Amino acid sequence: MRLSFLRDTSDRVEVENRETNSDLLVTLESIATDALGGKWDERMEPAFIANIGHYRRYNFNSVRDLLRVMRNKLNHYRELPREIQVLSWFIIYQINLFFRFFMTVH
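Numbering-wise (my numbering), the sequence shown opens with residue 1 and increments by one.
Computed Cβ-Cβ distance ranges for the label pairs, DEER-style: (1) Q85 <-> S30: 31 to 41 Å; (2) P46 <-> H76: 17 to 27 Å; (3) L24 <-> R56: 16 to 26 Å; (4) A47 <-> L24: 26 to 36 Å; (5) Q85 <-> V26: 31 to 41 Å.
Hint data in this document are derived by calculation from the structure and do not stem from the laboratory.
From a predicted model like this one, the values you see are computed outputs, not experimental measurements.
Here a beta-carbon is modelled for each residue, glycine too, at the ideal position from N, C-alpha and C.
Please model the complete structure; the sequences and the hints are all you need to start from.
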């Protein structure tokens, strides 16, 4: 349930991202400090961060970018190297690390 909500939210934010001065995106990013409690990459394994860096650059202070990472890893799970599959589920399973993030986005 939590994961599908975050994936759906990420999809919605991507649509908003194309609009100038999107109220939703501005509001979402305004809560980043409270929601994330700091840079989200600092709570993840270096191998996982290295893997996501192969595909695009992420702002580790951004709520939108964390949502995008979660969505992408869920949607492309079978395409990932085995080590990253394990880390992905470990990180997603530990969504309690981002409990404030989940509750704030919700």
